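Construct all of the structure, not just a fragment, from the sequences and the given hints.
If you read the protein sequences in the order shown, they are chains A and B. Residue numbers are given in this note's numbering: position 201 of the first sequence equals residue 203, and the series is strictly consecutive. Residue numbers are given in this note's numbering: position 303 of the second sequence equals residue 305, and the series is strictly consecutive.
Hints in this document: simulated from the structure, not taken from any laboratory. Mixed in with the good hints there might be a few duds.
[Stated by the list, open to error] Heads up, simulated BS3-like pairs for lysine-lysine below, C-alpha to C-alpha not over 30 Å straight-line:
1. LYS92(B) / LYS4(A)
2. LYS12(A) / LYS311(B)
3. LYS141(B) / LYS4(A)
4. LYS311(B) / LYS259(B)
5. LYS4(A) / LYS165(B)
It should be emphasised that the depicted structure is a prediction, and the values quoted were computed from it without experimental measurement.
Each chain, written out:
Protein chains: 2
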Amino acid sequence: MKYEFSQRVKSLKPSAIREILKNSSTPGMIPLSAGNPAPDAFPYEDIRKISASLLADTPIEALQYSVTEGYAPLREHLKKYMSEKHGVGKESDEVLITSGAQQVMDLLTKTLLNEGDTVLCEAPSFIGSLNTFRSYQAKLRGIPMEADGISIEGLENALDTEKNIKYLYTIPNFQNPSGITMSLPKRKKVYELCRDHNVLVLEDNPYGDLRFAGEDLPSIKSFDQEGVVMYAGSFSKVVSPGMRVGYAIGPREIIQKMVVCKQGEDVHSNIWAQIVCHRFMTECGYEAHLQRLRDIYRRKAAVLTAAMKEHFAPLISWNSFEGGLFAWCTLPESIDMLEFIRRGTEQKACAVPGTAFLTDESEACQSFRINFSTPTDEQLREGIEILGKLAREMA
Amino acid sequence: MKYEFSQRVKSLKPSAIREILKNSSTPGMIPLSAGNPAPDAFPYEDIRKISASLLADTPIEALQYSVTEGYAPLREHLKKYMSEKHGVGKESDEVLITSGAQQVMDLLTKTLLNEGDTVLCEAPSFIGSLNTFRSYQAKLRGIPMEADGISIEGLENALDTEKNIKYLYTIPNFQNPSGITMSLPKRKKVYELCRDHNVLVLEDNPYGDLRFAGEDLPSIKSFDQEGVVMYAGSFSKVVSPGMRVGYAIGPREIIQKMVVCKQGEDVHSNIWAQIVCHRFMTECGYEAHLQRLRDIYRRKAAVLTAAMKEHFAPLISWNSFEGGLFAWCTLPESIDMLEFIRRGTEQKACAVPGTAFLTDESEACQSFRINFSTPTDEQLREGIEILGKLAREMA
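Pasting the structure below:
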């Protein structure tokens, strides 16, 4: 039988990068290309206890069909917690529990975007979200990143010239892949500009709780008085990614449409995981847990930075970062970046080429992304040494 | 701020039926409108033991990111089990684990359907799937059901006259809502007709293991030599719906595209639930468990049938059914069906109006659906008595 695929699927091009990365899971490979939380970051003792009590005391609740909007006590707790701690969400907002934050990107796009409509994004940006937008045939317009976040001039220009812009996608804290954090003045300016152009902001904040240096900055959603911002939160980096629990906090009118779309996608998210997240947040010393995570990642970031100082400087430069899971490194013009990644992978040190994070993979890019949460300390030191040596050979 | 929604979301019309059913969860309501497995059908002792051992022995595996295709041991086991037991799946097929079987409907539609393309379905059919197809702006063409399954004449006519048909959606066993099982000759004919017209068959089989009378019939997928059938399976009715684990078995070329779409929707399905399903299938006497479920539903179906014989006959008729969770009942022409459902709900006996399951809700329909898995035996008897008395009043 001959199959005819939909236009949206046909438009998803195979990636040149996938070819480079397809060996990234071979044995012995140092996983600098990953994005997994560190194994010691999982609160599995608490999860085991909660799960045991849940399956002993109220098993039917944890196993029966549930509602699409999400487990009501978790939604209520998040509404209160995010409002009190982060100023996120107000009376006209609603909370929707999703199957990971990726589903927030998917449902918002499904709700708002017609084929060919424009999504503004940071350049570079998170490849997973860009691919979700592409699957709805979005036109992606990348706006350059600066040391303090998205270029305001670039954003103004895009808002003035692009047609049918549905939203701006931004990761303001420890952005994936650049590690950059948007400054407070820029957060305010982004909010005002988008509001004035009647363009929604999709604020993706998976790493906000993983700040190990500097001061917390208010989220863009915390300025939101007019229903401009859809906030995406996630338990993947702070509890468990395998549970697939994320959430959206945004204007009720939009959330209600996203609920209808979610009903058609997966009816509701795994209810055991939602209850575990709720009880973990409310019964297990959540703030102390976040502090422990910050300590873990502060230490691992220090291991990486020391190795980069020893083996990368001055040939390879990197953005400073105060949290998150990634470092963004840049090669001198004399080195072919894709060839560098290819040879690094052959030598078992696998980083991600920066072109993977661009709206157009064929654009020039000298940067690559290093993850420091997945590798062990030893692997980090070894991987950076391999890549540093390789760069000196290729320079 | 003013929001502009996508065409696909704007085209999802509010349902007249939702208004009737919105009180279905009020306290004291007899849940004849539900579709939940019976509480005593959950193997929660086994799930508790598996989960405890899993979170004690290999917690990181159960909590870390996993692959989009699904937990490899579960995929391999399903491939072997479904092939050996049901003749489902061969070398050119692949298995994809999904977040409930609903996601199979979603991913296949996303992979194949352009706006305005046609989906053939049984009339009536499962409202959840119809709404998924609608969310991709499918043109739905309903084909009448007969006592032994879909009308072959109707199918031939649709295949000959409709344009851009992407697939036929069918639930061959104990169909939701009609309870009808497709005969063996019709299964063969459906396969041949679709193959000859280069139209895929989406075979949805959530209830196949719940046969409590009669003989098992081979699935349409078991005839598939040419890559014509995408099979959707589910653990929702046989293990737990709250876990959200389903699966697709179908042509590798299509499954690979569905994997790309799933990556953008939710990255992967909850991994704890996938491992629990695998271990439950392989370690806990799965066939004996299925037998126990059939015993539960055979008994509950007998309670319902006895009540219908006492209170419905001869005024209200019903389709005979040999498995599944639903009975399909039909009122005489003298009774206004929607008014009957409305008044039944007022009297705390809430059934689903048959129009909910049609491609066009405004079509004439004298039928309604009764679920017998969710209510207790006592509730079943009481609910049927209320509806029987009401029908006699209204006749």
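request  = Please name the hints from earlier in the document that this structure breaks, with their numbers sorted from lowest to highest.
outcome  = Going through the list in order, the structure violates hints 2, 4 and respects the others.
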